[in-house]
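**Student:** Here is how the chains run, residue by residue.
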Amino acid sequence: MDYNNPNFVLMVEDLTVSFDGFKAVNGLSFYVEPNECRVMIGPNGAGKTTVLDLICGRTKATSGSVSFKGKELLTMREDQIVLAGVGRKFQTPSVYEDLSVFENLELSFPRGHGVFGSLFFRRDAEVKERIAEIAETIFLADLLDEKAAFLSHGQKQWLEIGMLLIQDPELLMLDEPVAGMSVAERKKTAELLNRIIDHRSVIVIEHDMGFVEDIATRVTVLHQGKTLSEGSMERVKNDPKVIEVYLGH
Amino acid sequence: MQTDRKNRFLTREEAVYFAILAAVVFLILPLALDPFRLNLFGKYLTYAFVAIGLVLCWGAGGILSLGQGVFFGLGGYCMAMFLKLEASTPENTAIQSTPGIPDFMDWNQITALPWWWEPFHSLFFSLLAVVVVPVVFAFIVGVAMFRRRVGGVYFAIITQAIAAILTILIIGQQGFTGGVNGITDLRTLNGWDIRTDEAKTALYFVNGALLFACLFAAQYVRRSKLGRLLIAMRDQEDRVRFSGYDVASFKIFVFCLGAAFAGIGGAMFTLQVGFMSPTLVGIVPSIEMVIFAAVGGRLSILGAVYGTLLVNWAKTTFSESFPELWLLGLGALFIAVVMTFPNGLAGLWSEQIMPRARKLFAGGTARPAPASPDTAAGLTQPRKAAAE
Amino acid sequence: MTDSSKPTMPGVSRRAVLAGGAALTASLFAPKGLRAQDFPTAAVNTTGLAVTDDTVTIGILHSVTGTMAISETGSVQAEKLAIEQINAQGGILGRKIEYIQEDGASDWPTFAEKAKKLLVNDKVASVMGCWTSASRKAVLPVFEQYNGFLYYPTFYEGLEQSPNVIYTGQEATQQIIAGLDWVNQTKGAKTFYLLGSDYIWPRTSNKIARKHIENFMEGCEVVGEEYYPLGHTQFNSVINKIRLRKPDVIYAIVVGGSNVAFYKQLKAAGIDMTEEKPILLTISVTEDEIRGIGGENIEGAYACMKYFQSLENDNNLEFVKAFKEMWGDDMVIGDVTQAAYLGPWLWKAAVEKAGSFDVDKVREASPGIELTSAPEGYVKVHENHHLWSKTRVGRAKADGQYEVVYETADLVEPDPFPEGYQ
Amino acid sequence: MFAGYSMGELTAIFAMQGFAGLILFSVFVLMALGLAIIFGQMGVINMAHGEFMILGAYVTYLVSHVFADIMPALFSMYFFVAMALAFVAAGALGMFVEWAMICHLYKRPLDTLLATWGLSLILQQLYRSIFGAREVGVTIPDWMMGSLPLTDMIEVPINGIFVMVLAVGISIAIYVLMFRSGWGRQVRAINQNRVMADAVGINTAWTDRMTFGIGCGVAGVAGSAFTMIGSTGPTAGQQYIVDTFLVVVFGGAGSLLGTIASAFSISQAQSIMEFFLSGSMAKVLTLLVVVGILMLRPQGLFALKLRK
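Order-wise, the sequence lines are chains A, B, C and D. For the first sequence, position 208 matches number 208 in the UniProt record's numbering, and the numbering has no gaps at all. For the second sequence, position 326 matches number 326 in the UniProt record's numbering, and the numbering has no gaps at all. For the third sequence, position 146 matches number 146 in the UniProt record's numbering, and the numbering has no gaps at all. For the fourth sequence, position 253 matches number 253 in the UniProt record's numbering, and the numbering has no gaps at all.
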């Protein structure tokens with residue numbers, strides 16, 4: 001990898017966070033290129049989710065730097081980070097259960113994000129068309145008026161992915177997108193993810209190795225808050241350090 | 001597929017409900033009640049302003065403020081200051097050592113009007129202040145709290161403490177505020193005697209009109225994307241944040257809006273009752289106002305109005321007949337509402353009464369109404385059957 | 001006119017008749033046996049008040065619930081006693097008094113609301129009511145607007161004189177000046193520490209006290225003045241400040257629950273009031289309050305007011321007996337309770353003098369009304385609607401009663417707008 | 001302000017003022033401990049906390065009468081019996097309330113606030129109906145009133161010492177109960193993960209009931225002790241609510257140590273300001289500072305930084 005490449009979408013450097021002395025992420029650095037699909041793997045407690053939390057501002061870093069297209073994210077609020085073009089999907093599906101699928105998508109539509117913008121937001125043709133288009137993509141076109149509370153687990157995951165898509169982020173972060181899905185749903189999701197990771201950079205946390213091999217451009221293995229190994233799937237799989245962590249004890 | 005997804009200001013059902021309330025406020029009550037009782041209901045309706053604000057903040061936004069009395073009081077005091085200055089002409093106050101200042105200042109050896117009272121000689125300024133002062137105060141509190149992500153229980157307790165602080169302050173600074181007595185003996189508004197029955201009736205209608213203005217404003221907010229965001233925030237605050245919204249600014253907005261409503265209510269209270277006192281600022285009235293909203297239904301703005309009317313009417317009636325039992329009744333009512341009907345009267349209506357009524361009228365063919373917590377004033381859009 | 005207008009009182013309990021029989025008989029303008037038919041309703045009631053051929057309705061407006069219920073209960077009891085006694089004697093102008101009681105619920109808007117209800121809906125001929133200044137201020141505009149007539153029982157700060165109110169308690173100067181002079185002259189006290197709950201009555205009273213001490217008492221000075229929020233319960237800091245200043249007199253106007261905390265902590269801090277180092281002089285603790293404080297905690301303190309339950313005159317002995325018969329042996333009677341008791345009697349005297357229930361006529365008749373039968377002794381209504389009354393100093397005993405140690409020689413003139421004290 | 005006083009006098013005054021601060025601290029600790037257990041460990045906001053305290057005070061009042069009537073010889077010792085009974089009475093009422101009301105509301109913390117407010121209204125009216133609207137005077141045994149002269153000038157109120165000893169004793173008892181007993185482990189386990197605690201066989205319903213009962217019982221003991229320094233009336237409990245909540249929140253919910261530290265800082269601030277300012281202003285300033293700090297540091301003084 002060319003570390004001097006000025007075109008990195010995301011540059012994470014020396015990122016550290018400590019919870020009462022416990023360093024969940026410890027001096028981590030990695031770089032994401034445009035259109036790259038980066039998969040993070042690692043044993044439980046390796047700090048994978050924490051890394052995503054740090055990037056999107058949910059957890060405040062103790063030190064280090066996260067630069068997205070030249071902007072320092074660590075000093076920005078969550079919503080500013082999102083508006084800058086970073087989308088995040090959580091591990092457990094989080095959609096607005098009291099609202100309909102249509103409204104869920106509408107709230108993510110990238111317009112009228114200020115107080116008065118949303119107060120005077122109009123649901124015009126553009127909005128409706130875009131929502132219809134996304135709904136088609138996420139297999140929910142027929143359920144637009146259904147309350148999100150009535151969706152199945154898999155459908156909620158798709159809805160959340162749809163909410164991300166409508167934002168059209170440049171960097172998409174997905175935390176275990178196929179966890180808890182049935183085999184059929186998993187297949188459909190993989191198909192969906194393959195479609196949406198085109199034309200943008202993606203960071204995925206995933207355990208399902210088959211799935212990882214399918215989508216990953218590059219893999220980062222985290223262990224105890226640090227990078228254990230990084231590179232193509234092939235290389236990582238054969239890295240003795242990785243083998244030791246996963247199998248050695 | 002194309003369902004009707006119009007985002008109308010009022011659905012047909014809601015329009016009917018608004019019309020019913022309008023009929024109650026503008027026709028039934030004025031025709032059925034003598035001026036004295038009408039004035040009482042006018043007073044109750046001033047609390048409804050606060051209850052509407054609470055529905056927005058608490059029901060929709062999940063922000064429970066136990067200090068709404070502060071804003072009610074600020075609005076009321078702004079109005080009272082104007083009226084007091086008008087009542088304190090040098091002729092009226094000739095027996096004072098310093099004529100021309102409010103009587104309570106004179107009793108406290110204050111010999112000149114404090115500078116911050118001066119602008120309240122102007123009616124325009126005072127009317128502006130009725131809204132602006134509570135809003136500014138709410139803004140400061142809101143920025144301090146919501147930017148720091150203080151929420152839920154903590155917010156409730158801190159607002160309660162603020163109510164306590166303000167009460168002690170008003171009582172302690174009696175030379176400037178009238179102390180525990182409040183600002184009393186208010187007489188005229190720009191020369192118009194507000195104490196006559198005719199004036200009180202007129203004020204009742206003004207009050208009603210303002211209430212509807214606030215109701216419509218609240219309805220607009222709920223219908224807007226901002227309204228849906230509030231619900232979204234109440235349930236999934238983090239998700240909203242990661243959809244690119246600055247959650248704090250929305251909370252601040254709705255808190256300020258609630259404060260503005262409360263301020264208007266307070267000013268109308270002063271006009272209709274003829275005085276303002278710190279007992280309306282403190283913890284107890286603030287919590288009572290939450291009771292009104294809870295009984296009416298914390299999700300329904302119209303329910304809040306009915307709840308306010310009902311609880312106050314019951315309070316007056318009960319305390320006339322069985323003063324000892326009143327507190328027991330109020331306490332029991334409150335527990336019952338929280339335990340069994342968390343959505344209050346409005347919930348009872350839309351969950352219990354309406355579905356049954358529909359069934360009755362439509363025979364067995366009617367589709368059971370969705371268990372939406374509120375159709376009475378549509379927190380969520382009434383769901384249409386999904387096409388196909 | 002009907003039979004029931006005769007002075008035999010149907011519906012009055014035996015107890016009440018007994019009480020009435022034992023009660024005061026003589027009021028100058030209350031000859032016995034006035035008969036209703038001598039006073040046709042149309043003549044005695046020209047303004048549409050709630051007066052029938054055999055009844056007249058008045059209002060009682062106090063807090064039965066809320067924080068003030070503690071204080072106002074005694075007033076309600078005294079007023080009901082007076083009403084029963086008057087009825088047992090044949091009522092007013094041959095008419096039995098009926099009352100409508102409303103609860104102000106310790107809430108000033110409620111007071112205003114209920115006052116309006118009593119005047120507008122119930123058309124009561126007069127109202128016995130209110131306790132705190134705030135409640136009186138809240139109802140005052142209502143009484144003035146609808147021309148009602150209020151008998152207000154509490155000692156208060158003065159600075160008020162409404163044509164629609166008779167103040168049966170003392171205004172501040174009556175209560176304060178005599179006591180200060182007494183403690184200065186008989187105890188040689190020179191330095192004073194003023195202390196109060198934070199609201200208008202203690203503040204205004206202390207202001208008058210300070211002016212009197214500084215301007216009218218030679219060589220005397222105020223060494224501290226301090227206010228605590230209503231309901232405050234921690235007084236150790238102020239007790240330390242008092243130790244630091246070493247005043248001759250602690251002048252305390254603490255009210256409500258704070259009272260209890262204040263005296264208990266004072267005693268616990270080793271300030272023994274029986275030793276008079278310093279002297280404690282209060283104008284806010286009646287026998288009622290001592291019940292909450294506990295006599296042993298306030299023993300030795302001096303209170304300055306116009307009435308103590310222990311007054312030994314025939315009027316008072318009868319009054320105390322009747323009160324206990326009606327409300328129970330464990331009742332105590334404080335200054336305000338007695339003042340509340342005067343209300344119905346003063347009104348009766350004024351109505352009978354005027355020969356009418358009309359508020360305007362009663363008002364006109366009121367100044368100059370005398371009661372020789374008052375438990376506190378002789379009182380007289382001043383032009384300014386307050387009462388001429390004697391001021392007394394009592395010393396608290398462990399049993400919760402006061403021992404009267406001083407009494408002004410003459411009636412003290414009420415002066416609600418005192419010159420030189422503003 | 002201090003001109004004309006000897007060094008000795010000033011020292012004495014400051015010593016006593018320091019002691020006054022400690023008494024206030026103990027009062028705050030007693031008020032807040034029960035609430036800290038209920039709010040901190042269970043997340044329930046008990047607005048009727050003050051009324052539970054007053055229940056303890058009324059129990060003390062009743063016990064004092066029973067002793068005075070039946071066994072006057074033992075009167076000087078009745079206070080200990082009264083405190084024990086106050087604990088039992090308030091605890092039993094607390095458990096009943098938990099069973100009837102609170103346990104249905106665990107998922108709605110703000111609603112417990114509203115429901116317990118309703119409860120407080122009911123309790124106030126019951127007290128008023130049973131004991132009358134007036135304050136009752138609780139006779140305190142003579143040995144507990146009065147003061148202990150330490151030097152010529154320094155006198156220490158005995159009831160203050162009693163309150164301090166009680167505060168320390170109850171704090172230790174609660175510490176042992178919460179952090180050194182199996183039961184305390186269960187309570188903390190439930191606080192951290194209710195579902196999991198249930199799954200590993202902790203009887204969560206019963207533990208909740210006990211926790212609530214103990215919290216209320218401690219409030220009852222506090223109320224009993226406060227008969228020495230405050231008033232006992234139907235509405236006296238309301239005076240305590242704001243202060244109590246602020247102490248607990250300021251300390252950081254869930255942390256007993258935090259509650260104690262916050263009681264200490266608030267009481268010292270208030271007591272020092274009371275000495276130099278008027279009482280009302282001292283109160284306003286203390287509350288303002290506390291609210292201000294809470295706005296800057298909403299999690300309170302002591303709260304764990306957790307990995308979300």
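It should be emphasised that the hints constitute simulated quantities derived from the structure, not laboratory data. One or more hints might be untrue.
Now the in silico label distances, taken between C-beta atoms and shown as ranges [said to hold, decoys possible]:
id, chain 1, residue 1, chain 2, residue 2, range
1, A, E133, D, Y106, 41 to 47 angstroms
2, D, A173, A, Q224, 37 to 43 angstroms
3, D, P149, C, G300, 15 to 21 angstroms
4, B, I353, D, V195, 34 to 40 angstroms
5, C, G355, D, D69, 52 to 58 angstroms
Note that beta-carbon positions come from the ideal geometry of N, C-alpha and C, so glycine has one too.
**Student:** Determine for every hint whether it applies to the structure shown.
**Tutor:** Tested hints:
1. Checked against the given bound of 41 to 47 angstroms, the beta carbons of A:E133 and D:Y106, roughly 43 angstroms apart, stay inside it.
2. Distance hint check: the CB atoms of D:A173 and A:Q224 are about 42 angstroms apart, consistent with the given range 37 to 43 angstroms.
3. The hinted window of 15 to 21 angstroms between D:P149 and C:G300 holds, with their beta carbons roughly 19 angstroms apart.
4. Separated by about 36 angstroms at the C-beta atoms, B:I353 and D:V195 satisfy the suggested range of 34 to 40 angstroms.
5. The given range of 52 to 58 angstroms is respected by C:G355 and D:D69, whose C-beta atoms sit roughly 56 angstroms from each other.
In summary, this structure violates none of the numbered hints.
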